[in-house]
Amino acid sequence: MALPSKEIRQHTIAVLVDNEAGVLARVIGLFASRGYNIESLTVAAVDEANNLSRITVVTSGPEMVIEQIKAQLGRLVPVHKVSDLTTEGKFLSRELALVKVVGTGEKRVEALRIADIFRARVVDSSTSSFVFEISGSTEKIDAFIALMRELGMVDLSRTGVVAISRGERKL
Amino acid sequence: MAQQQMTGAEIIIKALVDQGVEVIFGYPGGAVLPIYDALFKQNRIRHILVRQEGGAVHAAEGYARSTGKPGVVLVTSGPGATNAVTGLTDAMMDSIPLVCLTGQVATHLIGNDAFQECDTVGITRPCTKHNYLVKEAGSLARVMHEAFHVATSGRPGPVVVDIPKDIQFAAAPYVAKEKVTRKTYQPRVKPESRDVRRAVEMMLKAKRPVFYTGGGVINSGPRASALLTELVRLTGFPITSTLMGLGAYPGSDRQFLGMLGMHGTYEANLAMHGCDLMINVGARFDDRITGRLDAFSPGSRKIHVDVDPSSINKTVHVDLPVIGDAAHVLEEMLALWKAETKRPDQKALDHWWAQIDQWRARKCLSYRQEGKLIKPQYALERLQALTAGRDTYITTEVGQHQMWAAQFLKFEKPNRWMTSGGLGTMGYGMPAAMGVQIAHPDALVIDVAGEASIMMNIQELSTIAQYRLPVKVFILNNQYMGMVRQWQELLHGGRYSESYMDSLPDFVKLAEAFGAVGLRCTSPDDVDRTILEMIDTPRPVIVDMCVDPNENCFPMVPGGSAHNEMILGDQGGTKATVSDEGKILV
Chain A
11 MALPSKEIRQ
21 HTIAVLVDNE
31 AGVLARVIGL
41 FASRGYNIES
51 LTVAAVDEAN
61 NLSRITVVTS
71 GPEMVIEQIK
81 AQLGRLVPVH
91 KVSDLTTEGK
101 FLSRELALVK
111 VVGTGEKRVE
121 ALRIADIFRA
131 RVVDSSTSSF
141 VFEISGSTEK
151 IDAFIALMRE
161 LGMVDLSRTG
171 VVAISRGERK
181 L
Chain B
123 MAQQQMTGAE
133 IIIKALVDQG
143 VEVIFGYPGG
153 AVLPIYDALF
163 KQNRIRHILV
173 RQEGGAVHAA
183 EGYARSTGKP
193 GVVLVTSGPG
203 ATNAVTGLTD
213 AMMDSIPLVC
223 LTGQVATHLI
233 GNDAFQECDT
243 VGITRPCTKH
253 NYLVKEAGSL
263 ARVMHEAFHV
273 ATSGRPGPVV
283 VDIPKDIQFA
293 AAPYVAKEKV
303 TRKTYQPRVK
313 PESRDVRRAV
323 EMMLKAKRPV
333 FYTGGGVINS
343 GPRASALLTE
353 LVRLTGFPIT
363 STLMGLGAYP
373 GSDRQFLGML
383 GMHGTYEANL
393 AMHGCDLMIN
403 VGARFDDRIT
413 GRLDAFSPGS
423 RKIHVDVDPS
433 SINKTVHVDL
443 PVIGDAAHVL
453 EEMLALWKAE
463 TKRPDQKALD
473 HWWAQIDQWR
483 ARKCLSYRQE
493 GKLIKPQYAL
503 ERLQALTAGR
513 DTYITTEVGQ
523 HQMWAAQFLK
533 FEKPNRWMTS
543 GGLGTMGYGM
553 PAAMGVQIAH
563 PDALVIDVAG
573 EASIMMNIQE
583 LSTIAQYRLP
593 VKVFILNNQY
603 MGMVRQWQEL
613 LHGGRYSESY
623 MDSLPDFVKL
633 AEAFGAVGLR
643 CTSPDDVDRT
653 ILEMIDTPRP
663 VIVDMCVDPN
673 ENCFPMVPGG
683 SAHNEMILGD
693 QGGTKATVSD
703 EGKILV
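Chains as they are written, first to last, in this note's numbering: chain A, 11 to 181; chain B, 123 to 708.
No lab work stands behind these hints: they were computed from the structure. Where is the CB? At the ideal position from N, CA and C, for every residue including glycine. One should not assume that every hint holds.
As the list claims (entries may be wrong) - Lysine-lysine pairs mimicking DSS-like chemistry, simulated, CA-CA at most 25 Å apart:
no.	chain 1	residue 1	chain 2	residue 2
1	B	312	B	257
2	B	163	B	136
3	A	91	A	150
4	A	110	A	180
5	B	301	B	136
6	B	301	B	191
7	B	191	B	305
8	B	312	B	460
9	B	497	B	191
10	A	91	B	305
11	A	91	B	301
12	A	180	B	305
13	A	180	A	91
14	B	299	B	257
15	B	327	A	91
16	B	312	A	80
17	B	460	B	497
18	A	80	B	305
As the list claims (entries may be wrong) - Covered stretches of chain B, going by a simulated chain A footprint (3 or more residues, C-beta under 8 Å):
no.	segment
19	305-314
20	395-404
As the list claims (entries may be wrong) - Okay, the calculated beta carbon distance ranges per label pair:
no.	chain 1	residue 1	chain 2	residue 2	range
21	B	323	A	102	39 to 47 Å
22	A	58	B	352	46 to 54 Å
23	A	131	B	236	44 to 52 Å
24	A	54	B	229	20 to 28 Å
25	B	300	A	61	53 to 61 Å
26	B	152	A	31	22 to 30 Å
27	A	114	B	236	49 to 57 Å
28	A	56	B	457	41 to 49 Å
Pulled out of the complex, with its shape left as it was, chain B reads as follows (with noise of 0.2 Å):
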């Protein structure tokens, strides 16, 4: 029997909805209208349009991250792939599943200097997990199907498929998802069993044990994140998180540390700095973790659970890797750990406890709230104080107010954070709290912004009033680029160059020319009505924290530093000195 024909466009379609895809976030133009005119005529596929193509790939992240599913993007060719760039690069960091589709102008056209021409493949080939430019009809709908098995499949990432105009418009039969195989690419998921067992082992015997743990674990599913946390309860150990893998463990359980690295809490440096055991999971050493590499964690040996091989000894040597998806290895450990009849030495546990809370009653986070001016940790917790017992999701922004935030709010659950980590991408925040917002219509979703930051893709306000999206953007406005102004002071003598906010919107009336609401605070003695007041409005809310803009961001491991070289912010942390080998860090 004659398969039946489709045009390419239909073949999209078609091909979305078999992998599942319900909401598509997107901006037309020339090379993708046939796409578009097939989203028209159908219903199973929501689009969501936004303000300019950065916002589609920040919010299909924060859906992403949000649900575990793929986000996917279509955006035209030329500038509308070029927008893309920064979210691709940003996915790719952050290793979250995208599948965006690009148009390209006719395959007779390409490399002709076209109108809206660009080589996409070419700019996205280093800033995706893989992409594709599909020059037949006949492999579209294969491309379409590999895309996601490749985006999702082992350490996820951002697949690009650049679809030219005559191939959207071609005819070609369709081929079911169940009929496409990949010969390449099936990354092994599964442990080696001799590697878990020598994990267990050493489990074990260790002494000053410590978890460290990193979006990996977030990324294998919330399965994994209660295989850790009941693992980390029975074996009593201690454990951190990164600020990607925040989450995965209970941020208001005892056993929980806080975040490590350059922001992180004094006790969870501390630990790492001090364990004779480091049980990695789904982390990858990156340098806002470790400070200076030689003087990383120095008399611990080191587990490293990952399933990218390639994340292995990258920057530090480990004693064991085991190369396997979280949720897979922590199962055979845990079953491993349940059968196991030893148990480690508890007098050394506890020793190794009241270490870690005579680290931890130093209380690094502390501040003190006092005079007119309000301090952005006390904003923020406040907020966590107020939202406590709800299923809130957070976005952020980059800068002080996400490492504040990071701080100052806990996550319970998997799922519920959505910051951009490794990119460090200013403008995130209030796109991926729109994606977020998508996928989980009734939650409350909160993206805490700075007010530079939030300048960066603030006009996706217009998105958000369009889909009646009750997204809350909370802006700690400390009138600064605050960490740029912060390194400045700490690096640079205090000249604080272009750091400086001038010309700042009033974002009361920002919101409401956006049809949104807006609400300013200026008084501690206001933040909780105003906080309880944007909890309360079922509508999108800009709320303008206005903040102490002196206020550093502490503890702080200074670039070039070991994690037992912290600066606190009760010690006059701004006369600290940094080694010009420091300096030359980001």
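This is chain A alone, in the form it adopts within the complex (with noise of 0.2 Å):
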């Protein structure tokens, strides 16, 4: 049987947990005291009526990391459920972001224009800042960034990822 491949590779888990106390402890605490990667880790609750979270995790690593992780994840007694969505055919992933610019003149419109560009929307405004809301992929908001970083970007907060898989299959 062939080895597993030592390549490292991004992998996006989606999990279904208890939405209890603890929950977000337990998985954090898990990948640290492993030593695996966390890149985003996103949590909130999806289903009042069964108490349920959903936790998405942005992780990399080599193949046999990446089952070991998933197995660890599974073993933990508040989750239902473990999906590899970068392994389980084609999902769709997001991320949202607020960024604070603060300018005027030539830089300020300038800002503007390129969050058209972007279709980030304005949220928030003064004479000397706007509040942009952008979402998209990953690599979106961070070409996004990027720009406004040299247009007066002073503040900036992300959500992390989320990411559902697509057609008719659920987790």
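Put the complex together from the two separate chains, hints included.
Written out as structure tokens, the structure reads:
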């Protein structure tokens, strides 16, 4: 049998958990204590009736480590389901960011123009500042932020990645 | 009909009774007084009062490992809980089912740095299989039953239930065990039949097979051991075991190669190195087993049977994982093997056995008992000889004596060997022996100890005295932390930094001070007499077996070495060289 690939790949993993105290600490603690990478982690309640939350974690590692991460997550008691979106078909992933840009004159106009190109919305404005709301893939947001940095970005808040599979398949 | 209300403390006791708990090990304190009050008013559950909470957890581990039932611990908040942490970690590493109830300050005080408050669930999260903080009396019964389900199902482990004091007083309805269902955590125990079939096909084709079995077989229950024994005998394959798995297959059987790993036998390690098929049942490729990973059993295909999917491909990549409980898997394997008309290549197997017999002839455990000093190996060999035929339960502390016990004592049945394998906790053996003796009052229970380890939980002699437990503590006293000294000799130029045990107590007088019997033995001629006297004394006994302080434990696969780079005792092992990379390894 072929040995598993040693190539380091990024994986987006969705985890359905009981929405109870300490569940996020368990997941984070697992990653910390076993030395796994967390590139992004988001969590929110998704099913109030059944008291379920969904965690989306972006991590990277060689195949053996990714398999370990999934198995370790799977044996946590409050975990219902672990799904590796990266390997289980096509999926969408999105982030949202709030970007504050301070400035006047030409830079301010340029920021507005670029925001328009990226379909970012102005959600707050003063005579010398804007807050843009932008959503999209991590790469798109990275690109927008890189431009805004040159145009007076002073503050940034990102949600981290949420992801869902394409088509009819559910978690 | 309105459900009958009970106090939290009463709910706890009722849940324990309904779970079939007969004994709990504990130590009272402010935050568990209501539970102790409820204990006082009943006579279904026996409470064993230890002398330090760490002792309670190890005692519960000993109880669990010798009975297969979960061990139960009751300690107070703050220091009660933190003292339990070592034992919980120990149980986590060795997959021992425990339920540990900890008191907590009242819910309105949590987070206020109250007296004897600590973040018990935070501290114990990484060292338990799961833990709970009960914030409503209404969920207490459910949590109690769930704790037992989680502790005992799948790969067993310790579970902490942290119960604030106000919850112990509060009134709530009781929920019966049968009414509690858990949506998550239903570990798979039955394997995929397709995987088992493939495993059997691989076994039929093997020319140099070896069974490598571990604690998972013991944890699966005595039936798994019986099935394993039948399968191994039917196949005629050799078998070796980890430290944790000793007793799953009869230790005196010809097909058993002895323990493998760092201090395993020459034949077991070379069989692992040279096999073409490894059948791992319930073991986890621990670093003490594999030695240098990139040189571990390089030419073999590997089957790995484990109930825990996270054990698969963790350190060693295997060709065929079989997820399931050992007994279920072995049962299916056995049925397929019996139904199969094909048989493995007997000529190849004979050849393989001839090779193994050559390795065996090397007699890797040999030592020379000469002169006036007692060799520790001799003391254990005599202990084995003089207890043979008895149903003896052995616990150990951690160090050289532990490895010698694993090498020289023969375990014919499961659940007779209790040792701290994964965590390597000095001070484990005596409290564990206490727990074993509570479960098996009439059995011969011996803690094989070192003089350094025994000092770590020596206070439990008082518990042993209180409950008149006829535990035997067999100290191999070499006046050193022997394994530390051995490593300093091998790796650090013989600079014995802080490994000499100065100012040791007089163990005979110490025994007497605690109401036990103390026996000292300083001459090889007296070893038999001392052991027989120990066995025949129907009271707790401490034996101070004064052994050669300079003896080392061999064979040894030093850190960073492969199985075929073992040091043997009669090769002047102390001159072995260890690579710089090897020295880094623990």
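Going through the hints against the structure:
1. A hinted pair counts as satisfied when its Cα atoms are at most 25 Å apart, and residue 312 of chain B with residue 257 of chain B does not qualify at roughly 36 Å.
2. Between residue 163 of chain B and residue 136 of chain B the CA atoms are separated by roughly 12 Å; this keeps the pair inside 25 Å, and the hint holds.
3. Among the hinted pairs, residue 91 of chain A with residue 150 of chain A is inconsistent with the structure: their alpha-carbon atoms are about 30 Å apart, more than 25 Å.
4. Between residue 110 of chain A and residue 180 of chain A the CA atoms are separated by roughly 36 Å; this puts the pair beyond 25 Å, and the hint is violated.
5. With a C-alpha separation of about 14 Å, the suggested pairing of residue 301 of chain B with residue 136 of chain B holds against the 25 Å cut-off.
6. With a C-alpha separation of about 21 Å, the suggested pair residue 301 of chain B and residue 191 of chain B falls inside the 25 Å cut-off, and the hint holds.
7. Restraint check for residue 191 of chain B and residue 305 of chain B: the C-alpha separation of about 24 Å stays at or below 25 Å, so the hint holds.
8. Between residue 312 of chain B and residue 460 of chain B the CA atoms are separated by roughly 19 Å; this keeps the pair inside 25 Å, and the hint holds.
9. Our distance criterion of 25 Å between C-alpha atoms is broken by residue 497 of chain B and residue 191 of chain B, whose separation comes to about 37 Å.
10. Between the alpha carbons of residue 91 of chain A and residue 305 of chain B the distance comes to roughly 11 Å, so the proposed pair stays at or under 25 Å and holds.
11. Pair hint residue 91 of chain A plus residue 301 of chain B holds up; C-alpha atoms about 24 Å apart against a cutoff of 25 Å.
12. For the hint pairing residue 180 of chain A with residue 305 of chain B, the CA-to-CA distance comes to about 18 Å; that is within 25 Å, so the pair holds.
13. For the suggested pair residue 180 of chain A and residue 91 of chain A, the alpha carbons sit about 11 Å apart, so the restraint of at most 25 Å is met.
14. Straight-line distance between C-alpha atoms of residue 299 of chain B and residue 257 of chain B comes to about 20 Å, which keeps the hinted pair within the 25 Å bound.
15. In summary, the hint linking residue 327 of chain B to residue 91 of chain A is not supported, as the alpha carbons are separated by about 38 Å, beyond the 25 Å threshold.
16. Note on residue 312 of chain B and residue 80 of chain A: the hinted pairing holds, with a Cα-Cα distance of about 20 Å set against a maximum of 25 Å.
17. As the CA atoms of residue 460 of chain B and residue 497 of chain B are separated by approximately 46 Å, the hinted pair breaks the 25 Å bound.
18. Under the criterion of a C-alpha separation no larger than 25 Å, the hint pairing residue 80 of chain A with residue 305 of chain B is consistent with the structure, at around 19 Å.
19. Only when three residues or more bring their CB closer than 8 Å to a CB of chain A does the claim for the segment 305-314 of chain B stand; here the count is 4, and the claim holds.
20. A stretch counts as covered by a chain when three or more of its residues have a beta carbon under 8 Å from one of that chain; for the segment 395-404 of chain B and chain A the count is 0, and the coverage is violated.
21. Checked against the hint of 39 to 47 Å, the C-beta distance between residue 323 of chain B and residue 102 of chain A comes to roughly 42 Å, which is consistent with it.
22. Taking the beta carbon of each, residue 58 of chain A and residue 352 of chain B are about 53 Å apart, inside 46 to 54 Å as hinted.
23. Hint check: residue 131 of chain A to residue 236 of chain B, Cβ distance near 49 Å, so the stated range 44 to 52 Å holds.
24. With their beta carbons about 26 Å apart, residue 54 of chain A and residue 229 of chain B fall inside the hinted range of 20 to 28 Å.
25. A C-beta distance of roughly 22 Å is found between residue 300 of chain B and residue 61 of chain A, which places it outside the suggested range of 53 to 61 Å.
26. At roughly 24 Å, the beta-carbon separation of residue 152 of chain B and residue 31 of chain A lies within the given 22 to 30 Å, and the hint holds.
27. Distance hint for residue 114 of chain A and residue 236 of chain B: a CB-CB separation of about 54 Å, consistent with the stated range 49 to 57 Å.
28. Look at residue 56 of chain A against residue 457 of chain B: about 44 Å separates their beta carbons, and that is inside 41 to 49 Å.
Violated hints, listed in ascending order, are 1, 3, 4, 9, 15, 17, 20, 25; each of the other numbered hints is respected by the structure.
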